[in-house]
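Asks: The lines below spell out each chain.
Protein chains: 2
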Amino acid sequence: MDYGKYFSADVPSFLKSPVREIFRVVDLSQICSFAGGYPAAVTFPTDQIPSLAEKVLAKYGTKPLQYGATQGIPELRELIAKRYSVPVSQVQITTSSQQGIDVCSRVFLDPGDIVLADNPVYLGALQSFKAYRAEVLPVISSVVEKSRPKFIYVIPDFNNPSGKTMTLEEREEIVRIARELDILIVEDSPYRELRYSGEPVKSIRELAPERTLQLGSFSKIFAPGFRLGWIIGPEPLLEQIYVCKQCLDLCPPVFDQYLAAEFVGSGALDANLVKTIAEYRRRRDLMVGLLEKYMPQGVSWTYPEGGLFLWLTLPENIDTVAMYDEALSKGVAYVAGCFFYTDRSHRNTMRLNFSYIDEAKMEPGIKLLADIIRNAV
Amino acid sequence: MDYGKYFSADVPSFLKSPVREIFRVVDLSQICSFAGGYPAAVTFPTDQIPSLAEKVLAKYGTKPLQYGATQGIPELRELIAKRYSVPVSQVQITTSSQQGIDVCSRVFLDPGDIVLADNPVYLGALQSFKAYRAEVLPVISSVVEKSRPKFIYVIPDFNNPSGKTMTLEEREEIVRIARELDILIVEDSPYRELRYSGEPVKSIRELAPERTLQLGSFSKIFAPGFRLGWIIGPEPLLEQIYVCKQCLDLCPPVFDQYLAAEFVGSGALDANLVKTIAEYRRRRDLMVGLLEKYMPQGVSWTYPEGGLFLWLTLPENIDTVAMYDEALSKGVAYVAGCFFYTDRSHRNTMRLNFSYIDEAKMEPGIKLLADIIRNAV
Chain D
5 MDYGKYFSAD
15 VPSFLKSPVR
25 EIFRVVDLSQ
35 ICSFAGGYPA
45 AVTFPTDQIP
55 SLAEKVLAKY
65 GTKPLQYGAT
75 QGIPELRELI
85 AKRYSVPVSQ
95 VQITTSSQQG
105 IDVCSRVFLD
115 PGDIVLADNP
125 VYLGALQSFK
135 AYRAEVLPVI
145 SSVVEKSRPK
155 FIYVIPDFNN
165 PSGKTMTLEE
175 REEIVRIARE
185 LDILIVEDSP
195 YRELRYSGEP
205 VKSIRELAPE
215 RTLQLGSFSK
225 IFAPGFRLGW
235 IIGPEPLLEQ
245 IYVCKQCLDL
255 CPPVFDQYLA
265 AEFVGSGALD
275 ANLVKTIAEY
285 RRRRDLMVGL
295 LEKYMPQGVS
305 WTYPEGGLFL
315 WLTLPENIDT
325 VAMYDEALSK
335 GVAYVAGCFF
345 YTDRSHRNTM
355 RLNFSYIDEA
365 KMEPGIKLLA
375 DIIRNAV
Chain L
5 MDYGKYFSAD
15 VPSFLKSPVR
25 EIFRVVDLSQ
35 ICSFAGGYPA
45 AVTFPTDQIP
55 SLAEKVLAKY
65 GTKPLQYGAT
75 QGIPELRELI
85 AKRYSVPVSQ
95 VQITTSSQQG
105 IDVCSRVFLD
115 PGDIVLADNP
125 VYLGALQSFK
135 AYRAEVLPVI
145 SSVVEKSRPK
155 FIYVIPDFNN
165 PSGKTMTLEE
175 REEIVRIARE
185 LDILIVEDSP
195 YRELRYSGEP
205 VKSIRELAPE
215 RTLQLGSFSK
225 IFAPGFRLGW
235 IIGPEPLLEQ
245 IYVCKQCLDL
255 CPPVFDQYLA
265 AEFVGSGALD
275 ANLVKTIAEY
285 RRRRDLMVGL
295 LEKYMPQGVS
305 WTYPEGGLFL
315 WLTLPENIDT
325 VAMYDEALSK
335 GVAYVAGCFF
345 YTDRSHRNTM
355 RLNFSYIDEA
365 KMEPGIKLLA
375 DIIRNAV
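Taken in sequence, the protein lines are chains D and L. If you're matching positions, the first sequence starts at 5 in my numbering and goes up one per residue. If you're matching positions, the second sequence starts at 5 in my numbering and goes up one per residue.
Here chain D stands alone, though its shape is the one from the complex (with noise of 0.2 Å):
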């Protein structure tokens, strides 16, 4: 039977994630693989989840069980709202913050609509863009005077995938484009609570919170196995959005919900950021340690000051992609930049995760990884 002509005509534009086709091939557990964007296991408050869950059946009885409202759980969202000091009626809760990205594609793009985005840009959104048929230009372009951009896309905090933070200046920047142009900006912000060192800078939505949607995740400060994220934005936007919803799932996982406010409210989450944050900034430490040591002489990297991910360049005759195979084979992996550009332009870069990776198989990754890169120049 030839199933094709049964399908859309948005069909041909989905993309398979790379990162995820990695995964379908490859026990990357067998290996040292800086690829994937897992945060640690040993983060996630696990001891305390059969306690939470027997904590909100007791306080909630069967209700943590049945269908929620499609805005979430109003004891989640007023945490939420508390957390970010907006209004209650500004929140809606997600099924995953990937969900929130989607949801926006959903609400506001149409075939041919532009989107201006980071360059090199998140994978997942990139992902759902292309889905919806649009293009994505980089934001700091002179295409932009030209083009009628529909929203700008951004993580401004510890990006993904190049591990940079936004100045106040950049961010400034942004806001004036989006207000010269009367566009909506949509601020991915995943990793905003994960600083290691700096300086926090202002959110985006804190400088034009009549044009922005924020979207945040309980995948790097609570678990990713709940699926739930949060989009803080005005309320002429969340009302389309929960209508939209409607559609999508009805409403996001209500036990998990709980458990998050459960989680949230009493306190827990801040203290096991504290522990998540020290955690992470060891091993940003120790990986930035281990490049300056082993890598060659015309290598350099992002230092993230928060966040999952650091971004390599290389001598500008590598090829990350044509190296990937040998890669492997010698037991060590990573994303191709190349993947997290439109064009597929940048092919000397790569993302490494430091998040994940077992910490014994730090170093000697970073040595295979640096080996193979001296033999390539």
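Accuracy of the hints is not assured; some may be wrong.
Identical copies carry no separate label here, and so any pair may be met within one copy or between two of them.
Below, a list of computed lysine to aspartate or glutamate pairs in the EDC-like style, where the Cα atoms sit at most 20 Å apart [as the list claims (entries may be wrong)]:
(1) K134 <-> E243
(2) K9 <-> D117
(3) K134 <-> D14
(4) K279 <-> D289
(5) K134 <-> D114
(6) K20 <-> E239
(7) K9 <-> E283
(8) K9 <-> E243
Quick caveat, the hints were computed from the structure, so don't treat them as lab data. Since the structure is predicted, the reported quantities are computational estimates derived from the model, not experimental observations.
Dock chain L against chain D, hints included.
Replies: Same frame as chain D, now just chain L:
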């Protein structure tokens, strides 16, 4: 600020659920409500949840808290595959069966496409098809011959809203139409395992596995708070659904999937299902008895062999939308039947739910409703 200009061309086609809108304005717990479609909380295995949580963490460590596979965790996919006698490659876990509907819309529909559907049709499906600007037509109609539909959508077992079950002949007719037009079938089966009387009929998937996507749900046999469902279907279709699901939310809730897998795998689901079926059978019989006792001449209803709903047809001159405010003010709620018709016809019908209402409220509720109808005749 005028936000209207930011929205996509799909947004004007978004429909709010009339049911969810009722929930936003009225506290239904204070009245006799037959409106919602919630399962009875007494059917949830609430007492077992803390020990399920402990078990899965003891058995799988931190895996239930980490990101998981986009297709769903292998443990749960295998159990579903076994339960429905299909290969595991034909099973995709979804974040609710509403997501199953939405992902089918996303992957198969373009604006202007036609979906042939039940008439009356499940509201969540209607919302989803409309949000992709598809046209929804009754599956059994002369229109079929003239139009070029994309797929057929039906709930063959214990339909929501009508309570009806398709005979084998009716299912074979659906398959005949689909094969003749060479189109797909989306068989929505959230209630299939909730049969209280009569004999099971072959599913449409069993009759036409090459072109059927069968949607299942844990909401009525475990608990809706976990937002878990599944799709069984041909691999080439699931492959695109898999890529789409990466954009939607990366993966279904992982912790909840492990709870479900433990619940199914240990046999607890089947044990709980026996109790659930007994509970709902009693409620259905109670409801039907009360209708026979109180409803005036000229009112008829379906006798559901399973599921959560029955369907009332009143004398032609009664408008259940016009009658709604009076009913609500006197303390009884229902969903007007016309909302389940794309043309808002059949204004003398209503959907009654018998699973969620307190049993003690059933008799006063039906008596009240009968009085209001008698006055309106």
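Asks: Next step is simple, just say for each hint if it's right about the structure.
Replies: We went through each hint and held it up to the structure:
1. K134 <-> E243: between (24 Å within a copy, 18 Å between copies)
2. K9 <-> D117: between (25 Å within a copy, 13 Å between copies)
3. K134 <-> D14: Answer is both; intra-copy 9 Å and inter-copy 17 Å each pass.
4. K279 <-> D289: Intra 16 Å, inter 57 Å, cutoff 20 Å: intra-copy only.
5. K134 <-> D114: Intra 11 Å, inter 16 Å, cutoff 20 Å: intra and inter.
6. K20 <-> E239: between (33 Å within a copy, 16 Å between copies)
7. K9 <-> E283: Intra 51 Å, inter 45 Å, cutoff 20 Å: neither.
8. K9 <-> E243: The answer is between: 14 Å across copies meets 20 Å, while 35 Å in one copy does not.
Comparing the model with each earlier hint shows a violation of hint 7 alone; every other hint is respected.
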